[in-house]
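Number of protein chains: 2
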Amino acid sequence: MSEDDRSVARERVIESMEQSAEVYGLSRSAGRIYGVLYFSEAPLSIPELVEETGYAKSTISNVTRTLTRIGLIYRRSSEGGGRRVHYTAEREIWFSLQDVFQQYVHREIQTTLRAIQRAEAQLPDDAGTEAERIEELRETYEDLREIVTLASDFTAAELRDALESYDR
Amino acid sequence: MSEDDRSVARERVIESMEQSAEVYGLSRSAGRIYGVLYFSEAPLSIPELVEETGYAKSTISNVTRTLTRIGLIYRRSSEGGGRRVHYTAEREIWFSLQDVFQQYVHREIQTTLRAIQRAEAQLPDDAGTEAERIEELRETYEDLREIVTLASDFTAAELRDALESYDR
DNA sequence: TCGTTCGTTCGGAGTGAGCCGAACAAACAG
DNA sequence: CTGTTTGTTCGGCTCACTCCGAACGAACGA
Numbered sequence: 001m002s003e004d005d006r007s008v009a010r011e012r013v014i015e016s017m018e019q020s021a022e023v024y025g026l027s028r029s030a031g032r033i034y035g036v037l038y039f040s041e042a043p044l045s046i047p048e049l050v051e052e053t054g055y056a057k058s059t060i061s062n063v064t065r066t067l068t069r070i071g072l073i074y075r076r077s078s079e080g081g082g083r084r085v086h087y088t089a090e091r092e093i094w095f096s097l098q099d100v101f102q103q104y105v106h107r108e109i110q111t112t113l114r115a116i117q118r119a120e121a122q123l124p125d126d127a128g129t130e131a132e133r134i135e136e137l138r139e140t141y142e143d144l145r146e147i148v149t150l151a152s153d154f155t156a157a158e159l160r161d162a163l164e165s166y167d168r
Numbered sequence: 001m002s003e004d005d006r007s008v009a010r011e012r013v014i015e016s017m018e019q020s021a022e023v024y025g026l027s028r029s030a031g032r033i034y035g036v037l038y039f040s041e042a043p044l045s046i047p048e049l050v051e052e053t054g055y056a057k058s059t060i061s062n063v064t065r066t067l068t069r070i071g072l073i074y075r076r077s078s079e080g081g082g083r084r085v086h087y088t089a090e091r092e093i094w095f096s097l098q099d100v101f102q103q104y105v106h107r108e109i110q111t112t113l114r115a116i117q118r119a120e121a122q123l124p125d126d127a128g129t130e131a132e133r134i135e136e137l138r139e140t141y142e143d144l145r146e147i148v149t150l151a152s153d154f155t156a157a158e159l160r161d162a163l164e165s166y167d168r
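Sequences listed follow chains Y and C, in order.
The opening position of the first sequence corresponds to residue 1 in the numbering used here, with each subsequent residue numbered one higher.
The opening position of the second sequence corresponds to residue 1 in the numbering used here, with each subsequent residue numbered one higher.
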């Protein structure tokens with residue numbers, strides 16, 4: 001088993017992370033940068049990430065900022081108090097994915113609910129089919145909001161267990 | 001309460017649907033077209049959708065095709081056996097959202113799992129940190145797959161109830 | 001049969017996002 | 001103080017995506 005085999009296997013997983021990133025609304029570069037950090041033994045600086053990924057320094061800088069903001073990677077000032085900044089990956093990706101979810105889906109749900117509520121406030125209850133359909137929408141979105149809120153407190157294993165053991 | 005008030009309220013909700021569409025990986029036009037159909041009393045043909053939305057005929061044609069493919073709207077040949085095609089919205093959006101979810105997330109999870117499994121098959125068990133980290137990834141993704149699979153059989157209310165009543 | 005209406009397909013314009021390179025600011029080494 | 005290294009910011013390029021209009025094929029009515 002050679003070093004080559006290892007890096008091929010690693011590369012394969014990183015490529016799938018690139019693809020996953022797109023699904024979660026991030027760029028491919030974000031997926032690769034996260035992947036490199038995920039497998040890295042030690043924290044990496046921006047020049048090292050440039051070396052590893054082939055992306056431009058500016059790209060690394062921008063992407064690491066957004067990844068840090070979402071909580072997928074951590075930024076640490078170098079141990080020696082040096083200038084260099086080091087990044088490590090959050091390896092419990094479940095929490096990170098939840099955060100991304102909160103950022104995207106929950107925010108969207110809130111926005112939609114506000115729009116629905118404002119529309120309902122404007123319409124009397126007997127306003128016909130419009131009001132009925134808006135009410136249906138609101139009920140579904142309230143369920144959705146509650147689901148997302150509750151799910152954010154679960155670990156993956158707990159969530160799985162909750163669904164498996166639920167008896168209708 | 002005027003017709004104007006009704007249409008203003010409707011417009012507000014449709015605008016939020018436009019925005020939601022982007023979050024779910026669809027175009028704004030898809031959000032509007034779905035919204036118009038959602039509130040429409042009767043099924044609408046392409047020319048009528050052109051009239052209602054202001055989009056070009058070709059846009060309507062393309063977008064309705066993708067919306068039909070994901071199951072957010074239904075295509076029906078006209079009653080009279082006529083040439084005209086009519087579209088209606090799936091109003092139980094929960095099912096539609098689940099479908100979109102299946103299309104995007106579940107597919108992505110499967111792809112990632114395959115990549116991980118191929119990588120693991122190539123690596124012996126004692127391959128060091130690479131193998132460990134890949135194994136962690138696999139476990140999380142297996143949970144994820146199970147969660148998505150289970151959740152696809154739940155209604156929104158059931159899912160909400162399952163989470164609310166789960167006792168750790 | 002001819003004109004009309006409906007729906008799809010194709011090429012092109014406009015737009016936004018991702019990425020790059022250059023320029024810059026800040027902090028260190030010598 | 002000077003040169004070097006690190007990280008950020010800015011303008012521009014490219015590519016993909018959305019949407020449009022035009023052209024086309026197919027089905028109907030007269």
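Calculated from the structure, these hints are not laboratory results.
In this text, a Cβ means the ideal position worked out from N, Cα and C, and glycines have one as well.
Heads up, a few of these hints could be off.
Some but not every residue of chain Y turned toward chain C, in silico, with C-beta under 7 Å [what the hints assert, rightly or not]:
#1 16
#2 46
#3 112
#4 115
#5 138
#6 156
Status of each hint after checking the structure:
| no. | hint | result |
| --- | --- | --- |
| 1 | 16 | 4 Å, holds |
| 2 | 46 | 22 Å, violated |
| 3 | 112 | 5 Å, holds |
| 4 | 115 | 4 Å, holds |
| 5 | 138 | 10 Å, violated |
| 6 | 156 | 4 Å, holds |
Hints 2, 5, counting from the list given before, are not met by this structure.
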